[in-house]
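These are the residues of each chain, in order.
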Amino acid sequence: MVDSTATLGPGRAGEAQALRFYDSGEHHPENGTLLGFWIYLMSDSLVFACLFAVFGVLGRNYATGPSGAEIFQLPLVAVNTSLLLLSSITYGFAVIAMARKRVGGTLAWLAVTGLLGIGFVGIELHEFANLIREGNGPQRSAFLSSFFTLVGTHGLHVSFGIVWLVTLMWQVAGRGLIAANRRRLMCLSMFWHFLDVIWIGVFTFVYLMGTLP
Amino acid sequence: MSALDVNPAGHHGDEEELDHDTLHITVGGYVTGFVLSVVLTAIPFWLVMGKVFASSTVTTFVILGFAIVQIYVHMVFFLHMTSKAEGGWTWMSLIFTIVLVVIALSGSLWVMYHLKTNMTLPSPEEMRNMP
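Chains as they are written, first to last, in our numbering: chain R, 1 to 213; chain L, 214 to 344.
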């Protein structure tokens with residue numbers, strides 16, 4: 001055993017060297033974090049796909065309770081949608097300020113984005129509170145259970161996005177736009193725009209289609 | 214430089230990577246995406262709130278179409294998706310996810326719709342009048 005290894009040794013070393021030469025030319029994609037975060041977002045969209053499917057199946061089972069047409073306030077949803085849409089472009093401006101290495105501009109646009117996000121979550125909580133006060137909470141019907149689960153999960157994502165955003169503002173204010181902070185800002189940018197994409201599905205599939213007879 | 218280019222000098226630093234990522238991001242791109250999104254959001258809301266089409270089915274398909282176009286707009290203008298980013302891996306994972314999402318959504322709706330229409334217990338009235 002020991003003998004055979006010894007005999008094969010030099011040959012293997014030669015191969016390894018040839019391989020190392022070949023290896024140094026080929027590279028993995030180097031933005032590991034951004035690609036990894038993208039794959040997280042893709043797995044997150046599978047979570048949302050399941051919740052959308054649940055709503056699609058249960059969304060018309062009212063159990064003699066109210067239907068979407070009776071409880072959805074579309075003007076409020078329109079306001080909410082525009083808040084989220086605006087927050088997407090303000091985050092974009094924050095990324096542009098970051099690319100131009102302007103700490104103040106980045107922080108200002110992040111603050112605007114955060115305020116718009118807080119407005120969005122606030123209106124959503126107001127809507128939920130109204131529904132629950134009128135006895136139309138998640139326990140009322142399969143429609144309302146799936147509605148609260150889907151829209152609530154999205155709202156929870158936005159809330160955590162806001163926590164993340166405030167944390168990053170703290171980091172950028174303290175340490176400036178160092179490479180690590182810029183990487184984090186790009187990840188949050190993907191997260192934020194991704195939530196906007198999910199919201200397109202929510203307002204179309206839940207609110208608009210739920211209002212239709 | 215694309216991520217898969219031969220780079221004999223070894224890894225380049227974080228600085229270079231991020232600059233490369235933010236190079237193609239412009240104010241114009243965001244504004245275009247935003248204006249398109251506003252239009253693509255306003256039309257479905259108007260279609261539903263103004264009861265433009267008499268048929269729910271027509272409205273459903275039209276607003277779903279608008280949603281798909283708007284998701285595409287967001288992907289391109291806000292998430293900066295290209296088939297080249299990260300050596301094509303973001304693209305691959307996106308396509309894979311879309312396939313899974315379509316299977317999960319259409320499969321659930323299809324199967325559950327048929328279960329409901331074919332397996333709902335008949336009412337007592339129907340039971341009495343059965344052949």
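Among the clues, some could well be false.
What the hints assert, rightly or not - Beta-carbon label-pair distances, calculated as ranges:
(1) L:F274 - R:E70: 21 to 31 angstroms
(2) L:E338 - R:G36: 23 to 33 angstroms
(3) R:G152 - L:S319: 35 to 45 angstroms
(4) R:L125 - L:T270: 30 to 40 angstroms
(5) L:G301 - R:H126: 20 to 30 angstroms
(6) L:T270 - R:N61: 11 to 21 angstroms
(7) L:V244 - R:N61: 41 to 51 angstroms
(8) R:C50 - L:M262: 48 to 58 angstroms
(9) R:V79 - L:T270: 36 to 46 angstroms
(10) L:S319 - R:V79: 27 to 37 angstroms
(11) L:T295 - R:T64: 48 to 58 angstroms
I should point out that these hints are in silico values taken from the structure, not numbers from a laboratory. Virtual Cβ for every residue (Gly too), placed ideally from N, Cα, C.
Exercise for review: Confirm or reject the claim that G301 of chain L and H126 of chain R have a C-beta distance inside 20 to 30 angstroms.
Suggested key: violated, 44 angstroms
Review point. Do V79 of chain R and T270 of chain L keep their Cβ atoms within the hinted range of 36 to 46 angstroms?
Key: This hint is violated: roughly 28 angstroms between Cβ atoms.
Review point. Using the C-beta atoms of F274 of chain L and E70 of chain R, is the stated range 21 to 31 angstroms upheld?
Key: Holds - the Cβ-Cβ distance for F274 of chain L and E70 of chain R, about 24 angstroms, lies within 21 to 31 angstroms.
Exercise for review: State, for the Cβ atoms of V244 of chain L and N61 of chain R, whether the hinted interval 41 to 51 angstroms holds or is violated.
Suggested key: holds, 43 angstroms
Practice item. For the range 11 to 21 angstroms, tell me whether the beta carbons of T270 of chain L and N61 of chain R fit it or not. Key: holds, 20 angstroms
Exercise for review: Starting from the hint 35 to 45 angstroms, judge whether the C-beta atoms of G152 of chain R and S319 of chain L obey it.
Suggested key: The hint (35 to 45 angstroms, Cβ to Cβ) is violated, given that G152 of chain R and S319 of chain L are roughly 24 angstroms apart.
Review point. Taking the CB of T295 of chain L and the CB of T64 of chain R, does the distance hold inside 48 to 58 angstroms?
Key: holds, 51 angstroms
Exercise for review: Using the Cβ atoms, figure out if S319 of chain L sits within 27 to 37 angstroms of V79 of chain R.
Suggested key: holds, 32 angstroms
**Study point:** Distance restraint evaluation - C50 of chain R, M262 of chain L, Cβ atoms, bounds 48 to 58 angstroms
**Key:** The hinted range 48 to 58 angstroms is violated for C50 of chain R and M262 of chain L, with Cβ atoms some 29 angstroms apart.
Exercise for review: Starting from the range 23 to 33 angstroms, see whether the pair E338 of chain L and G36 of chain R falls in it by beta-carbon distance.
Suggested key: violated, 59 angstroms
Exercise for review: Given the hint of 30 to 40 angstroms, check if L125 of chain R and T270 of chain L actually sit that far apart at their C-beta atoms.
Suggested key: holds, 34 angstroms
Of the numbered hints stated above, those contradicted by the structure are hints 2, 3, 5, 8 and 9, listed in ascending order.
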